[in-house]
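Protein chains in written order, with the working numbering: chain A, 249 to 421; chain B, 32 to 359.
Keep in mind that the hints were calculated from the coordinates and are not lab data.
No false leads were mixed into what you were given.
A few chain A residues that don't get close to chain B, going by computed Cβ distances all over 10 Å:
| # | residue |
| --- | --- |
| 1 | D284 |
| 2 | S290 |
| 3 | G332 |
| 4 | H340 |
| 5 | P341 |
| 6 | G355 |
| 7 | T391 |
Capping the alpha-carbon separation at 30 Å, the derived lysine-lysine pairs in DSS-like fashion look like this:
| # | chain 1 | residue 1 | chain 2 | residue 2 |
| --- | --- | --- | --- | --- |
| 8 | B | K33 | B | K70 |
| 9 | B | K70 | A | K267 |
| 10 | A | K293 | B | K70 |
| 11 | A | K267 | A | K293 |
| 12 | A | K293 | B | K33 |
Here's a subset of chain B near chain A, in silico, CB distances under 8 Å, partners left out:
| # | residue |
| --- | --- |
| 13 | Y37 |
| 14 | D81 |
| 15 | P120 |
| 16 | A123 |
C-beta atoms are modelled at their ideal positions from N, C-alpha and C, and glycine is treated no differently.
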Amino acid sequence: MTRTNPVLADIAIHVDGDKRQLSVDTRTTLLDALRDQLGVTSPKKGCDHGQCGACTVLLDGRRVVSCLALAVANDGAEIVTAQGLADGDDLHPVQQAFLDRDGLQCGYCTPGQVCSAVGMLREVQEGWPSHVTGDLAAPVELTDEEIRERMSGNLCRCGAYANIVAAIREAAE
Amino acid sequence: MKPFEYVRADDATQAVAMVAERPNARFLGGGTNLVDHMKLGLVEPELLVDVTALPFNRVEPLPDGGVRIGAAVRNSDLAANPLVRQNYPVLAAALLSGASGQLRNLATTGGNLVQRTRCPYFQTLYTPCNKREPGSGCSAITGHNREHAILGASQACVATHPSDMAVALTALGATVRVLGPAGERVVPIGELNRLPGDEPHQDTTLNHGELITAVDLPALPLAKRSAYYKVRDRASYAFAQVSAAIAVDIHSGVVRDVRVALGGVAHKPWRAHRAEALLRGAPATEDVFRAAADAELAEAKPLSDNGFKVPMVRNTLVSVLRRLAREH
Ligand SMILES: Cc1cc2nc3c(=O)[nH]c(=O)nc-3n(C[C@H](O)[C@H](O)[C@H](O)COP(=O)(O)OP(=O)(O)OC[C@H]3O[C@@H](n4cnc5c(N)ncnc54)[C@H](O)[C@@H]3O)c2cc1C
Ligand code: SF4
Ligand code: FES
Ligand code: FES
Numbered sequence: 249m250t251r252t253n254p255v256l257a258d259i260a261i262h263v264d265g266d267k268r269q270l271s272v273d274t275r276t277t278l279l280d281a282l283r284d285q286l287g288v289t290s291p292k293k294g295c296d297h298g299q300c301g302a303c304t305v306l307l308d309g310r311r312v313v314s315c316l317a318l319a320v321a322n323d324g325a326e327i328v329t330a331q332g333l334a335d336g337d338d339l340h341p342v343q344q345a346f347l348d349r350d351g352l353q354c355g356y357c358t359p360g361q362v363c364s365a366v367g368m369l370r371e372v373q374e375g376w377p378s379h380v381t382g383d384l385a386a387p388v389e390l391t392d393e394e395i396r397e398r399m400s401g402n403l404c405r406c407g408a409y410a411n412i413v414a415a416i417r418e419a420a421e
Numbered sequence: 032m033k034p035f036e037y038v039r040a041d042d043a044t045q046a047v048a049m050v051a052e053r054p055n056a057r058f059l060g061g062g063t064n065l066v067d068h069m070k071l072g073l074v075e076p077e078l079l080v081d082v083t084a085l086p087f088n089r090v091e092p093l094p095d096g097g098v099r100i101g102a103a104v105r106n107s108d109l110a111a112n113p114l115v116r117q118n119y120p121v122l123a124a125a126l127l128s129g130a131s132g133q134l135r136n137l138a139t140t141g142g143n144l145v146q147r148t149r150c151p152y153f154q155t156l157y158t159p160c161n162k163r164e165p166g167s168g169c170s171a172i173t174g175h176n177r178e179h180a181i182l183g184a185s186q187a188c189v190a191t192h193p194s195d196m197a198v199a200l201t202a203l204g205a206t207v208r209v210l211g212p213a214g215e216r217v218v219p220i221g222e223l224n225r226l227p228g229d230e231p232h233q234d235t236t237l238n239h240g241e242l243i244t245a246v247d248l249p250a251l252p253l254a255k256r257s258a259y260y261k262v263r264d265r266a267s268y269a270f271a272q273v274s275a276a277i278a279v280d281i282h283s284g285v286v287r288d289v290r291v292a293l294g295g296v297a298h299k300p301w302r303a304h305r306a307e308a309l310l311r312g313a314p315a316t317e318d319v320f321r322a323a324a325d326a327e328l329a330e331a332k333p334l335s336d337n338g339f340k341v342p343m344v345r346n347t348l349v350s351v352l353r354r355l356a357r358e359h
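The shape of chain B in the complex, shown without the other chains (with noise of 0.2 Å):
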């Protein structure tokens, strides 16, 4: 690892100073991916700023009935926070889903979001990578690709995005509230993250320097009826083959409103807006859900090693519908 300065920063627009001036300076949340990829020579920053003390640790409920959740809250105290599981199961579940009690007691939602894949090639310096080294190739497309992307990959990159978190607050349509060295802007969480194209080595929006300081949940009353499927090699402490995130409004047998979102398939959390639209105003049954599933995988693209994920995201859509409608 190169030798680094440590700022813990006390206040917000100097931190965002601090890191946008020196190209090779880097926010540190709690470190459970960043010290992580320095240790493996990744990424070696010459500046680090702590952004865990800037006063962002507080989940608030905001006028709209919505909440605002800091971004140096931390995943576990996410987690457990009453208003969350009272009002967004779905945000709740995903997040005990992820990592460990050990790792969720450190991990922050900023630094959630902003979380690098796990493909192997991209975690080792050995290989080729675009992501990790533009131009280099991907050795993923031809090699070992099992849990890699089934919808909206490139030739250039075929990652997946492995939060968990992220993928709930798609579904909720949360915004991500960035400071930059311009101040403030908002950004729509299907935004933040993007699809790899020409230029995977991108994961997010965010220019270099910008900070999460928090991200808002909307209030979505569907959102009480909403969970979060993962499926796994291990039954517990294992990313993501697939996952979905579902909030659904179901009266009189019919499906008012619904939120889909997919995990785990592509290189950013994928609202699943082709299902959503089949869904709305369609009766709530089995074969409305399968239909809805296949139409959001009409342009799925499997790859050598996870043709198994087509079936495995319309069998998990289809039983985490069925469980929900059950529940009205």
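Bound-form chain A, shown alone (with noise of 0.2 Å):
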């Protein structure tokens, strides 16, 4: 027996930086909670399926796809999207290295990248390697080679990637 009623659940996530409260579908991804009920519109909506990384926030710090994390399974969950990335006027390094290296042009992709780029830099400094990582226990050197293969989980239909590389060596250093 399927259900036909929609299931409704009381969350409370915190989205860049505000305590949030909304009672959601279970069927609602975190993607459309924060568009459709939070009006949190950074995190783009490009194939829905996990596959184009428009969706990237950070979720409790670390970068996932938010259109396969389901909203009620993240109770409680703290959320950044690019939009919380800024402190104030001030754009976050990584952001900033965006507008200086023309790492866009329709910017569709941007926010997601922006985010994708944040939990990377983290990543490396924590040490984790990659899969061109030549020797998986040493410390890791973040080359070219190294940042287009750990963002190759986002993609960019305007085809921004030479100075989206650009922009996330200039942010690393």
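Build the complex from these two chains, which are given one at a time in their own frames, with help from the hints.
Structural data, given as structure tokens:
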């Protein structure tokens, strides 16, 4: 027997520093809850199937795709979107580098790229290897090849990749 | 998507009971496969039991020198784990070759093992597929089958298993710890996934309601010299056309012991027993590597679009073995 009535759940999540309480249909993804229920529209819906990275947010400090995460499963979570990265009028260094290096064209993929880059740089700081790291036991050096591999989950239909790599390299320095 | 109830489990026995008693209930890991399938309409669970908060989130050394990996450990944490990187590089490399950073931060060890095929006919509701709808036929056998199996397939299904991690675990001879309504059991990794036969809708040998709680890696010194090589259409962020997980111990030019598993070639990660048998005790030369690959591929049955996989497997096996032999 399948149910027909929606199942609702009350959850509380911290979004870009604010505690938000909301009632969600269990079917709601984190992405839809942010965009449609909370009006936080910086995470974008590209594919809705985990394939493009446009919906990337930081969930408890880690980058994830928000289109395959259920809102109800993230009760109590701390979420930072591209919107919440800046400190007042001071942009986050990764955001500033995207501007300085023209790391965008239409800008649709950009909030996801920026959140992904912030999460990725933390992973590098933690010493996490990647698919292109030669010696898995050695410290990681953030070459352009490493940046490309680690950012491969973020697609850009405008093909701004060259400048995205340059921006991330600059932000990492 | 059909409405469903959601429960965050804090007790494994209760989680198992909740799912076991309702045929249409499912465990939820990171959701990167299940939520996708729910959006596509492939599955319509009435209850999701979230198992990510269960106390299975650690990677711990075992007294016998092996390692226990909790089922809720995220793929990214497992790949970054120092013990895994040191002692089982093939596993770290396989994980790092899969999906993307954002997905690996969500995906769990348990969910990764139970993920379903990427066969395009399975992933849409509009084409016949014996795996999705038993008895409806297989669209891939006569259709697009470039990504499909060359070993162990059946007339009913030619799909491949998509996991990279599982190929490494197969080479390592891992064991899967499972909790069911009747208690715990241990499943050798080679018996977790099945060949399609007449029942391609059954991906695994798990019964409904059985929860993977951990994966145990045996103490395996030769795994320190191990590698994962993945051949795919793009340099990154693509599923394997073919992959190989290999660990080898070579002494004085002779193969003392070896483990080989293949990905992208069958309905389950393929342990290459024939290649292993030929390699063990033989000189570590290119001719021997080639003969071992040919022995494994003797019964390969390529489909209309995937004949390239036969030489691709052969070349992959030879080149990875050659590289590991050089490092000795
Ligand atoms: C765009 C994209 C690209 C990808 N590329 C790759 C790739 O290159 N290589 C690769 O290997 N994978 C790839 N993946 C697949 C990814 O690795 C899997 O989706 C992931 O590992 C599944 O884990 P999960 O925890 O999210 O599982 P879920 O989606 O939560 O669950 C998957 C299945 O496992 C069951 N389950 C979950 N936990 C347990 C448990 N403890 N015991 C028993 N059953 C359980 C669920 O009921 C469900 O049936 C890709 C996925 C996407 C979306
Ligand atoms: S190969 Fe298997 S999964 Fe693909 S269409 Fe045929 S039966 Fe379905
Ligand atoms: S919208 Fe989430 S990955 Fe594309
Ligand atoms: S800038 Fe247009 S999609 Fe990336």
